Each structure stands twice: as structure tokens, then as C-alpha cells.
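Got chain S sorted already, so can you dock chain U with the ligands onto it with the hints?
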Amino acid sequence: MKNKILLTFPGDVTNTPIAYDLVKKYDLRINILRASINYNMKGSLLMDVEGTPENMENAIKYLQDEGINADFIHPIIKIDHDTCVDCGLCTSVCVSGALILSPDDFALEFLQDKCVGCNLCINVCPTKSISI
Amino acid sequence: MGVTKTYDEINAKIKEGKAVVVTAEEVIKIVQEKGLEKATEEIDVVTTATFGPMCSTGAFLNFGHADPPIRMSEILLNDVEAYGGLAAVDTYIGATAESKTQGALYGGAHVICDLIAGKEVELKAYSRGTDCYPRKEVKTYITKDSLNEAYLFNPRNSYQNYSAAINTSSKNLKTYMGTLLANKGNVNYCTSGALSPLFNDPTYRTIGVGTHIFLCGAEGYVAWQGTQFNSANERDENGIPYSPSGTLALIGDLKNMKSEYISPAVFDGYGVSMFVGVGIPIPILDIDMMKAVSIDNKDLFTNIIDYSVEKNDKPSLGLVSYEQLRSGSIELDGKSIKTAPITSMKKSREIANELKDWILKGSFVLQEPIKLFPQKSSLTGLEIREATKDEK
Ligand code: SF4
Ligand code: SF4
Numbered sequence: 001m002k003n004k005i006l007l008t009f010p011g012d013v014t015n016t017p018i019a020y021d022l023v024k025k026y027d028l029r030i031n032i033l034r035a036s037i038n039y040n041m042k043g044s045l046l047m048d049v050e051g052t053p054e055n056m057e058n059a060i061k062y063l064q065d066e067g068i069n070a071d072f073i074h075p076i077i078k079i080d081h082d083t084c085v086d087c088g089l090c091t092s093v094c095v096s097g098a099l100i101l102s103p104d105d106f107a108l109e110f111l112q113d114k115c116v117g118c119n120l121c122i123n124v125c126p127t128k129s130i131s132i
Numbered sequence: 001m002g003v004t005k006t007y008d009e010i011n012a013k014i015k016e017g018k019a020v021v022v023t024a025e026e027v028i029k030i031v032q033e034k035g036l037e038k039a040t041e042e043i044d045v046v047t048t049a050t051f052g053p054m055c056s057t058g059a060f061l062n063f064g065h066a067d068p069p070i071r072m073s074e075i076l077l078n079d080v081e082a083y084g085g086l087a088a089v090d091t092y093i094g095a096t097a098e099s100k101t102q103g104a105l106y107g108g109a110h111v112i113c114d115l116i117a118g119k120e121v122e123l124k125a126y127s128r129g130t131d132c133y134p135r136k137e138v139k140t141y142i143t144k145d146s147l148n149e150a151y152l153f154n155p156r157n158s159y160q161n162y163s164a165a166i167n168t169s170s171k172n173l174k175t176y177m178g179t180l181l182a183n184k185g186n187v188n189y190c191t192s193g194a195l196s197p198l199f200n201d202p203t204y205r206t207i208g209v210g211t212h213i214f215l216c217g218a219e220g221y222v223a224w225q226g227t228q229f230n231s232a233n234e235r236d237e238n239g240i241p242y243s244p245s246g247t248l249a250l251i252g253d254l255k256n257m258k259s260e261y262i263s264p265a266v267f268d269g270y271g272v273s274m275f276v277g278v279g280i281p282i283p284i285l286d287i288d289m290m291k292a293v294s295i296d297n298k299d300l301f302t303n304i305i306d307y308s309v310e311k312n313d314k315p316s317l318g319l320v321s322y323e324q325l326r327s328g329s330i331e332l333d334g335k336s337i338k339t340a341p342i343t344s345m346k347k348s349r350e351i352a353n354e355l356k357d358w359i360l361k362g363s364f365v366l367q368e369p370i371k372l373f374p375q376k377s378s379l380t381g382l383e384i385r386e387a388t389k390d391e392k
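Protein chains in written order, with the working numbering: chain S, 1 to 132; chain U, 1 to 392.
One chain only, chain S, in its complex shape (with noise of 0.2 Å):
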């Protein structure tokens, strides 16, 4: 499983070594993608983490515990609309709405606003038409 996570933390916790962490005591693959520090010293950290589901979980409670505000962002999915056959199964497993046949024409519509980035859908499209 991988995930993207944000990370932003108070000046007084920027010290303490969360990569190594992160690696160490959770078994994750972490590839940076953005690391910023402001003039107060509080820094933020986007980062690409890649684990078993289980690990990622308590690795976000770890880092809640050190007093640092991580969360996941939920990457957004894409439609290849050029393979997409609008047959709607994706939409047996969305129960946000996000993905919905339009009830005109029977194409497939996503609305991204209601997307939970549960990612159930990338594996149930049978002609592999979501990705993210």
C-alpha cells in the first residue's frame, strides 16, 4: 500500500529524527516529495510512504504521540476515459457518491469533491480505467 502523508510540525519537535523512524521502527519506504521550514521553525514534510497498511497506521499514531500533525492525503483518482466502457461496476463500491452513472446517458461521472480516497474502485474497474 502506499499513500501520500503531510506532515507539519511545531518548532520544538523539529528535531526529532521521524525518517529514520519511520524506517526504522515501521518497516516504511518513505520518499520525500516536499520539505519546507519557516522563520518560527515549524516545518512541514509531504512525503510518499510505502508499507503495509497496519504499519502506516500506527506510524500516523507515533507521530501524533510526538506532537506532530500527520494525516494522509487522499491522492485523487484518475479515469481513462479511452478505456472506460461506462459499464458502472466502480460504482458498486464508492458509497461516498463520487463516482456515479449520470442518469441521462449512462456515462461515467466522477465527482471529485465527494471522494474519500478509499481507492476500492482501482481494483473492482475490470478494464483498469482508475488509477491515481
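These are calculated hints, taken from the structure and not from any lab test. Errors might be hidden in some of the hints.
Claimed, not checked - Dumping the calculated BS3-like pairs for lysine-lysine here, alpha-carbon to alpha-carbon at most 30 Å: (1) K311/U - K376/U; (2) K128/S - K346/U; (3) K128/S - K119/U.
Said to hold, decoys possible - Non-contacting residues of chain S with respect to chain U, defined by C-beta distances greater than 10 Å in every case (computed): (4) D21; (5) A35; (6) G67; (7) L111.
Because the structure is a prediction, the values reported are computed rather than measured. Glycine included, C-beta positions come from ideal geometry on N, C-alpha and C.
Structure of chain U with the ligands alone, referenced to chain S:
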């Protein structure tokens, strides 16, 4: 008895560009407005269509002979096994066969679609070698143009009705009906409802052996009744079955097929299948035929079957209309359950319209069936048993 028309009369009109053709959805409104009799007079042909996953799909191919020639007994197309038990360079590749190297990510359905798209496909074949076919191995590349013949032959397509699927167990199920969420989390269903071919000719008056059809953008024919043809099922007063009944074996020219009307399908945890686009024209021979094609989704029912029961004969939780299924949710035991289709209505409509255009342009004429399907054909299961004792 009101107006009657023959195939010859309708075909003559088609050739003159005077035939009146509408889709099986458009006809519903016309009949409501004008009545059955007037509609029968005015309309000559109604087009039906479906675009859903049909596992029993495949293609016959002939590769031509290499020099020196080989009698292929083991055949791989892009690492997907094709049948090696026919003549030297004939094969049949089935849609559900999976790649030896990529597994369910690539299968026979992908090979067929790659050929249709004009792509090069790797052919590896092996043989023990014979006096007349000395070569033991080939590795080369083929395209649809390099093949002598390439035609789809699908033993079972276009099911007349199909059960909707639900899961009453506490764990999600991955099936060819998609992912069925635990505790009746969703209902998935197939068929294009009022547009579906065999719903519009429930007693097989005009769809039989030899019927001229649209198959994946090319012309094709109904070759025979489909496998598991089960016409003896219980039916309503219009002759429409409540459960999967008639099926069609279809044949069509792969070389002229269009990628937009056929697609590989990979069902998570199940494997490879294929979306097949089928369009079938129905001649309005008389008022009874017009009555048959004017059915609406509210008149069509199917069973909701519990896929968590690991038996061939799965229990039904009740009947539901296609109108209810299409609405996006149904009520079951006081609970609202989300419904989702697997058959593409959008593609089905495109096909019905495309076939309509072909007929309006005069480039597609109707063929009367040369043999009709049996009305009371039922299924047998597979008995698991020991050999009969007295057979030595
Ligand atoms: S399941 Fe895939 S092919 Fe079907 S409508 Fe959704 S994105 Fe399109
Ligand atoms: S990721 Fe989840 S919420 Fe977003 S569209 Fe797919 S199924 Fe719906």
C-alpha cells in the same frame, strides 16, 4: 389480424432506403403515443443491443504455414495458451485463458483485442515433428492481416435475463459479478434490460440460427443456440423468463471488428473475461412482434441471488424489476441497498444506434432464421460418479 410484413418486404424497403428503424428503447414511447397497431404499420425494424462481460468468448485463427511447416501442438500467443488440438496451424483462443507470465493481468481477451487493434502478437509454437511437418518450433509475430482467417466464435453470449447478485455473508466476495460487499452491502446486475436482444424476442421468433447481427462493430451471425440454453424456465404472461434462459452462440469477422465495441475485462480475484458488443435487429412482422419489443424495464424482472452460498443452486432473495435496479438502489427487508450495473448501458445504446444507422443506410439487411430454437430445452448438471460397472 392487422398488418403483417415479410422479411422480403422489409429487406426491399431497407435497400430502397425507406425502412423505418428505431431502437428498442425509442419504440417504447412510440407505442405509448401511437398504439400498437399504428406502430406496427409504421415501424419495420427495431434494434436491440447489449455490451456486457461474456466469458464464453473466443476466436478461431489460422496462422498459415511456415517453411518447412510445423504441426503446432502447443501454442502460445503473447504467453497465453491457445488450443493445440486442431489441424497444424489452426487454433482457438479463449477469452479467459491467462498469461503464463502475467497471470490474470493479461489473458486471451487481451490477445483478441490486441489483434483487433492491429497490434503485433508474439506466436510461439512447439511440435514433436512428423515426416510431413518436420519443424519443431516457431517463434514469430502475427497481426490480424497476416492471418488467413480470424473469426470470433462465442459459444454463449447474450443471456436472456441474468440474476442479480448479493452477498449475505460477513466477508466481501470477489466474483465475476464484481466485488459483492458483505452483509448485503450492494447488488450488482447485468443485461441491458429493455434494450437486451432476447428480452425483445422472448420466444425466439426472429432470433434463431442464421440471424444476421452486429458483433463488435463487424457483421456476424447467430451460429446456434448458445450453451446452457434453458428455454423451459418459468415465464410471465408475455413469455419473458424470470431467470437466465436463452443464450446465443455467435460468430463474426474479427478482422473487421472495432476496438470500441469489445474490451478485455479483469475481475478482481476472479480472472479474465471479455466485454462483447452485440446488436440484433428485430423485424416487426406483425402486432405480436411489436408487442414483444415494446416491453419496458418495469415489465422485466430478475431474481436476486445470494452468492455467498457455495452451491450451484443458489437461493433467491426475491424478484426485482430492472426499473428498480436501474434506479440506483432497491429496498430489501426495509433496508435500502445500492445497485450497480456491469453491462454498459451507454455502449449498448451506441450499438443499437450504430446498427440502426447501418440498416437506414441500406448496408445491412435482415436474415430470416434458417432454424428456430427449441422452446422447451432444459439443463442437466454434472453428476460426479464412478464408471458404470458393466463397461469393461
Ligand atoms: S468500472 Fe471501470 S470501465 Fe466500468 S465505468 Fe468504472 S471506470 Fe469505467
Ligand atoms: S477512491 Fe473511493 S471514494 Fe474515491 S471514487 Fe474511488 S471508490 Fe469512490
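To see whether the hints hold, each was checked on the structure:
Only pairs whose Cα atoms come within 30 Å are accepted, and K311/U paired with K376/U is accepted, the gap being roughly 25 Å. For the hint pairing K128/S with K346/U, the CA-to-CA distance comes to about 18 Å; that is within 30 Å, so the pair holds. Between the alpha carbons of K128/S and K119/U the distance comes to roughly 19 Å, so the proposed pair stays at or under 30 Å and holds. At the 10 Å boundary, the C-beta of D21/S stays outside the reach of chain U, the nearest C-beta of that chain being 34 Å off.
Every CB of chain U is more than 10 Å from the CB of A35/S (nearest about 36 Å), matching its label as outside the interface. For G67/S, the non-interface assignment is confirmed: its Cβ lies about 37 Å from the closest Cβ of chain U, beyond the 10 Å cut-off. Taking the minimum C-beta to C-beta distance to chain U, about 14 Å, the non-interface status of L111/S holds against the 10 Å cut.
When held up to the earlier numbered hints, the structure conflicts with none and fits them all.
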